[in-house]
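K.L.:
Okay, here's what each chain looks like letter by letter:
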Amino acid sequence: MVQRLKEVDVVVIGVGMVGSMVAKELAAAGYKVVGLERGQTRFTVPEFQSPAIHDELRFDVRKALMQDNTREAMTFRNQSSQTALPIRRWESFLPGTGLGGSMVHWNGQTYRFQANDFQLATRTRERYGKNFLDPDVTIQDWGVTYEELEPYYDRFEHLLGTSGKAGNIKGRIQAGGDPHESPRSREYPTPPQKEHFQGAMFRKAASSLGYHPFPQPSSNLSQPYTNPEGMKLNACVFCGFCERYACEHYAKSTPQTIILPVLLANPNFELRTGCQVQRINLDSTKKHATGVTYIDAVGREFEQPASLVITASFALNNVRMLLLSGVGAPYDPATGQGVVGRNYAYQTMSSVASFFDEDVIINPFMASGASGTLINDFAGDNFDHAGLGFIGGAFIGAVNTNGRPIQYHPVPPGTPKWGKGWKQAVVKHYNHSVMFSLHGSSLAQKQNYLDLDPTYRDAWGQPLLRMTFDFPQNDLKMAAHVTAKAVEIGKAMGAKQVEGSPRKGPYTVTQYQTTHNTGGTVMGDNPKTSVVNRYLQSWDVPNVFVVGASNYPQNASWNPTCTLGALTYWAIDALKNKYLKNPGHLVSA
Amino acid sequence: MNPRSRRRAGLLSGSLLIAVMPYAPTASAAPAPTQVQAAATTAPVGPAAAAPPCEACHGAHGEGMAAAHVPRLAGQSAGYLLKQLNDYAQGTRDNPIMRNFAKALSEKQRMEFAARYAAMSAPFAAQTTPLNEVQLARGHQLAFQGSETKRVQACDSCHGPDGVGVDLAAPYLAGQSAEYLASAIKAFQQGTRKNDAGELMRSVAQRLDDTDITAVTGYYATQGTATH
Numbered sequence: 001m002v003q004r005l006k007e008v009d010v011v012v013i014g015v016g017m018v019g020s021m022v023a024k025e026l027a028a029a030g031y032k033v034v035g036l037e038r039g040q041t042r043f044t045v046p047e048f049q050s051p052a053i054h055d056e057l058r059f060d061v062r063k064a065l066m067q068d069n070t071r072e073a074m075t076f077r078n079q080s081s082q083t084a085l086p087i088r089r090w091e092s093f094l095p096g097t098g099l100g101g102s103m104v105h106w107n108g109q110t111y112r113f114q115a116n117d118f119q120l121a122t123r124t125r126e127r128y129g130k131n132f133l134d135p136d137v138t139i140q141d142w143g144v145t146y147e148e149l150e151p152y153y154d155r156f157e158h159l160l161g162t163s164g165k166a167g168n169i170k171g172r173i174q175a176g177g178d179p180h181e182s183p184r185s186r187e188y189p190t191p192p193q194k195e196h197f198q199g200a201m202f203r204k205a206a207s208s209l210g211y212h213p214f215p216q217p218s219s220n221l222s223q224p225y226t227n228p229e230g231m232k233l234n235a236c237v238f239c240g241f242c243e244r245y246a247c248e249h250y251a252k253s254t255p256q257t258i259i260l261p262v263l264l265a266n267p268n269f270e271l272r273t274g275c276q277v278q279r280i281n282l283d284s285t286k287k288h289a290t291g292v293t294y295i296d297a298v299g300r301e302f303e304q305p306a307s308l309v310i311t312a313s314f315a316l317n318n319v320r321m322l323l324l325s326g327v328g329a330p331y332d333p334a335t336g337q338g339v340v341g342r343n344y345a346y347q348t349m350s351s352v353a354s355f356f357d358e359d360v361i362i363n364p365f366m367a368s369g370a371s372g373t374l375i376n377d378f379a380g381d382n383f384d385h386a387g388l389g390f391i392g393g394a395f396i397g398a399v400n401t402n403g404r405p406i407q408y409h410p411v412p413p414g415t416p417k418w419g420k421g422w423k424q425a426v427v428k429h430y431n432h433s434v435m436f437s438l439h440g441s442s443l444a445q446k447q448n449y450l451d452l453d454p455t456y457r458d459a460w461g462q463p464l465l466r467m468t469f470d471f472p473q474n475d476l477k478m479a480a481h482v483t484a485k486a487v488e489i490g491k492a493m494g495a496k497q498v499e500g501s502p503r504k505g506p507y508t509v510t511q512y513q514t515t516h517n518t519g520g521t522v523m524g525d526n527p528k529t530s531v532v533n534r535y536l537q538s539w540d541v542p543n544v545f546v547v548g549a550s551n552y553p554q555n556a557s558w559n560p561t562c563t564l565g566a567l568t569y570w571a572i573d574a575l576k577n578k579y580l581k582n583p584g585h586l587v588s589a
Numbered sequence: 590m591n592p593r594s595r596r597r598a599g600l601l602s603g604s605l606l607i608a609v610m611p612y613a614p615t616a617s618a619a620p621a622p623t624q625v626q627a628a629a630t631t632a633p634v635g636p637a638a639a640a641p642p643c644e645a646c647h648g649a650h651g652e653g654m655a656a657a658h659v660p661r662l663a664g665q666s667a668g669y670l671l672k673q674l675n676d677y678a679q680g681t682r683d684n685p686i687m688r689n690f691a692k693a694l695s696e697k698q699r700m701e702f703a704a705r706y707a708a709m710s711a712p713f714a715a716q717t718t719p720l721n722e723v724q725l726a727r728g729h730q731l732a733f734q735g736s737e738t739k740r741v742q743a744c745d746s747c748h749g750p751d752g753v754g755v756d757l758a759a760p761y762l763a764g765q766s767a768e769y770l771a772s773a774i775k776a777f778q779q780g781t782r783k784n785d786a787g788e789l790m791r792s793v794a795q796r797l798d799d800t801d802i803t804a805v806t807g808y809y810a811t812q813g814t815a816t817h
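Chains A and B, in that order, give the protein sequences.
Counting from 1, one number per residue, gives the positions in the first sequence under my numbering.
Counting from 590, one number per residue, gives the positions in the second sequence under my numbering.
Treat each hint with caution, since some may be false.
[Unchecked claim] Listed below are several chain B residues computed to face chain A (Cβ distance under 8 Å; list not exhaustive):
1. HIS658
2. GLU722
3. VAL723
4. GLY735
5. GLN778
6. SER792
[Claimed, not checked] Cut-off 25 Å, straight-line C-alpha distance, at most; resulting in silico cross-link-like pairs (DSS-like, lysine-lysine):
7. A:LYS491 <-> A:LYS446
8. A:LYS286 <-> A:LYS578
9. B:LYS692 <-> A:LYS194
10. A:LYS204 <-> A:LYS504
11. B:LYS697 <-> B:LYS775
12. A:LYS232 <-> B:LYS697
13. A:LYS232 <-> A:LYS194
14. A:LYS130 <-> A:LYS578
15. A:LYS576 <-> A:LYS446
16. B:LYS697 <-> A:LYS287
17. B:LYS739 <-> B:LYS692
18. A:LYS232 <-> B:LYS692
[As the list claims (entries may be wrong)] Derived DEER-like restraints, expressed as beta-carbon distance ranges:
19. B:ALA758 <-> A:THR455: 46 to 56 Å
20. A:PHE383 <-> B:ASN689: 33 to 43 Å
21. B:LYS739 <-> A:GLY336: 48 to 58 Å
22. A:ILE361 <-> B:LYS697: 17 to 27 Å
23. B:THR681 <-> A:ARG62: 16 to 26 Å
24. A:PRO413 <-> B:GLN779: 33 to 43 Å
25. B:ALA645 <-> A:ILE169: 50 to 60 Å
26. A:LEU57 <-> B:ALA758: 56 to 66 Å
27. A:LYS232 <-> B:CYS646: 34 to 44 Å
28. A:PRO135 <-> B:ALA758: 37 to 47 Å
Quick caveat, the hints were computed from the structure, so don't treat them as lab data.
Keep in mind the model is a prediction, meaning the values are calculated, not measured.
Yeah, the Cβ is synthetic: ideal placement off N, Cα and C, and Gly gets one too.
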């Protein structure tokens, strides 16, 4: 029997970064907010303390902080002619679960996108002509501009305390920062983290080639910081256990360190963990949500009525929630009609390994998740693509995050895969290698999409999300081009052997790449090509807001978190100052 | 040699394989950590003699003088000791007595003293003011687990499992005198000591109250013989 609970003003699905931010603001504004989190409660003490949190087998290999795919998996195929199979072990991407969400296990890399990214379709057409791209490419403008988002980027960076060096303040280029960045209103809240040795090597080599190296913006903080919520963070100790782990030092910006204690202290907010939301409930018109239905940890089913529903779960799960609920028309790749699941994009990751003589000591373990040095000279539209046959790019950086013993062992191609020869090579190269990461953009194309799997279901009997994805040719060309540039930097560093590994197809889910899954609930100014309007409000059901990287029409050359934080504050502003004062469509279709 | 020293020497003998070189710092360059380690392993071990100017306060075997808040040095990380001597000499750690001693030492002598004390062993002193069970439990909690309400991480997160210290990074706490540890935390708390990387100890110390400080320092003081 379904128990019907007392109605609240707002129900938030997922209490990660977005959910915590939205709930905090709306509860503070006087609304009764319930946060439904499928995972468990967890805090820096006791859950994240060492030595337990440095268990590489548990967290890195066995993915202890990730979505439980014995109960809730996803299925995958490269193209729609294939039959998708469930991903039973996360490798390519790692969706988190539990209070604080995926931000608990992030690396802290906190980049803004550039002005060009938000108007990618228009700017590409203007600069390269309308027939420059493959007709299958479905890139589009965001419906919001960088200039509009700038104050929200600023606010988010100050929530996190991000450590970095500005490259462009109000149009003035700043020495030591990224000259390619779009103008920011002020300096980062805290100075950059200390540069490690490989970062210094990279800086010197990249400068010698005429590029513009700068310190990675890091939300593993360089110094103690008190954010505008009154939360105090510590300085990072460079332990090298960020991504896939939680931080024991209160030094990484995560919901637990930047906002959750403030939210949980507000009596207008109620957190319920172990709650698996089944669907958003709609009334008979299908144009109005009445709340959500969820199943708690002991299997009881509840209906939670609410005036406003906000889906704030991981990008892929936002898409699935709308599909399970019938909010918005599902995308059909055959006709190009429908929007939910459309424009799924990823990140095109390549790498370059530079091997040095044994007198060059790298100490890769002395790092944080974002203490590297990089260039944006080949990212986004920062270089002329005329004649290249692709758009987009990648940042290139000595941004290696760790030297952990089980997973980090760079060896040159041709090394035996196991046995004595492999072991000898690991010993020889472990401390004398530099790995560049090439973090590339990802275009949307009509063959790549998300829908519900017709066969496989989760532990609650609901269809799994099905991913159909392969790398667009555009992105593979981009990867090859930028990798060649990065190899030149490796050689300029004086490495005796430099090996470039440009991303190649087909896409596989059995190799780690990145957890930057985007799209599927795309934002925009046209309901035929977007799920939500520029304020992240559903075109079809105006009392549903969808907030996540699922809103990105395509993915840019940088990590998505900072842009998501900016979008979240942008949407919060619209909720508080527009929607909640006068509920209804914020944009007329 | 007590068990702690044996363990430390064991760790260092591994590094000796790659660091077999006499310590020979140049006048300008600060010694590399491996040089200090090498010095530690080549310094006489066993019943090492304390240095005359040091032993008056730090004891004949580096056992310290708890009542005067003088730390135990025996078996302490050579890298940590050297950094403190350098900081005293440069004024980045302020102590009028130690400043004069440290300034009078050459770079090479500082390294030798650090290595010598790192190789020493000394009996652990009995607790002058034993803690009750509640205090010990709180001390253990702060040491091993930290406190979410205070927003402090476990001391062991940086100071090593059971507070045994981490060479070159953080001093041992286990077996150090409660009196010295408390004075050090108070100095960080009041900002009179500022030579902590990233203001890490100042951040933590500011969140501890006197009850916490008594508990955690008293707890570590009891751990010298029990766990090592």
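K.L.:
For each hint, tell me whether it holds in the structure or not.
P.N.:
Verification of the supplied hints:
{"no.": "1", "hint": "HIS658", "in the structure": "violated, 26 Å"}
{"no.": "2", "hint": "GLU722", "in the structure": "violated, 21 Å"}
{"no.": "3", "hint": "VAL723", "in the structure": "violated, 19 Å"}
{"no.": "4", "hint": "GLY735", "in the structure": "holds, 4 Å"}
{"no.": "5", "hint": "GLN778", "in the structure": "violated, 14 Å"}
{"no.": "6", "hint": "SER792", "in the structure": "holds, 5 Å"}
{"no.": "7", "hint": "A:LYS491 <-> A:LYS446", "in the structure": "violated, 39 Å"}
{"no.": "8", "hint": "A:LYS286 <-> A:LYS578", "in the structure": "holds, 23 Å"}
{"no.": "9", "hint": "B:LYS692 <-> A:LYS194", "in the structure": "violated, 29 Å"}
{"no.": "10", "hint": "A:LYS204 <-> A:LYS504", "in the structure": "violated, 29 Å"}
{"no.": "11", "hint": "B:LYS697 <-> B:LYS775", "in the structure": "violated, 31 Å"}
{"no.": "12", "hint": "A:LYS232 <-> B:LYS697", "in the structure": "violated, 41 Å"}
{"no.": "13", "hint": "A:LYS232 <-> A:LYS194", "in the structure": "holds, 20 Å"}
{"no.": "14", "hint": "A:LYS130 <-> A:LYS578", "in the structure": "violated, 37 Å"}
{"no.": "15", "hint": "A:LYS576 <-> A:LYS446", "in the structure": "violated, 35 Å"}
{"no.": "16", "hint": "B:LYS697 <-> A:LYS287", "in the structure": "violated, 79 Å"}
{"no.": "17", "hint": "B:LYS739 <-> B:LYS692", "in the structure": "violated, 39 Å"}
{"no.": "18", "hint": "A:LYS232 <-> B:LYS692", "in the structure": "violated, 37 Å"}
{"no.": "19", "hint": "B:ALA758 <-> A:THR455: 46 to 56 Å", "in the structure": "holds, 53 Å"}
{"no.": "20", "hint": "A:PHE383 <-> B:ASN689: 33 to 43 Å", "in the structure": "violated, 60 Å"}
{"no.": "21", "hint": "B:LYS739 <-> A:GLY336: 48 to 58 Å", "in the structure": "holds, 57 Å"}
{"no.": "22", "hint": "A:ILE361 <-> B:LYS697: 17 to 27 Å", "in the structure": "holds, 24 Å"}
{"no.": "23", "hint": "B:THR681 <-> A:ARG62: 16 to 26 Å", "in the structure": "violated, 44 Å"}
{"no.": "24", "hint": "A:PRO413 <-> B:GLN779: 33 to 43 Å", "in the structure": "violated, 57 Å"}
{"no.": "25", "hint": "B:ALA645 <-> A:ILE169: 50 to 60 Å", "in the structure": "holds, 56 Å"}
{"no.": "26", "hint": "A:LEU57 <-> B:ALA758: 56 to 66 Å", "in the structure": "violated, 24 Å"}
{"no.": "27", "hint": "A:LYS232 <-> B:CYS646: 34 to 44 Å", "in the structure": "holds, 36 Å"}
{"no.": "28", "hint": "A:PRO135 <-> B:ALA758: 37 to 47 Å", "in the structure": "violated, 57 Å"}
Figure legend: structure checked against the earlier numbered hints; hints not met, in rising order: 1, 2, 3, 5, 7, 9, 10, 11, 12, 14, 15, 16, 17, 18, 20, 23, 24, 26 and 28.
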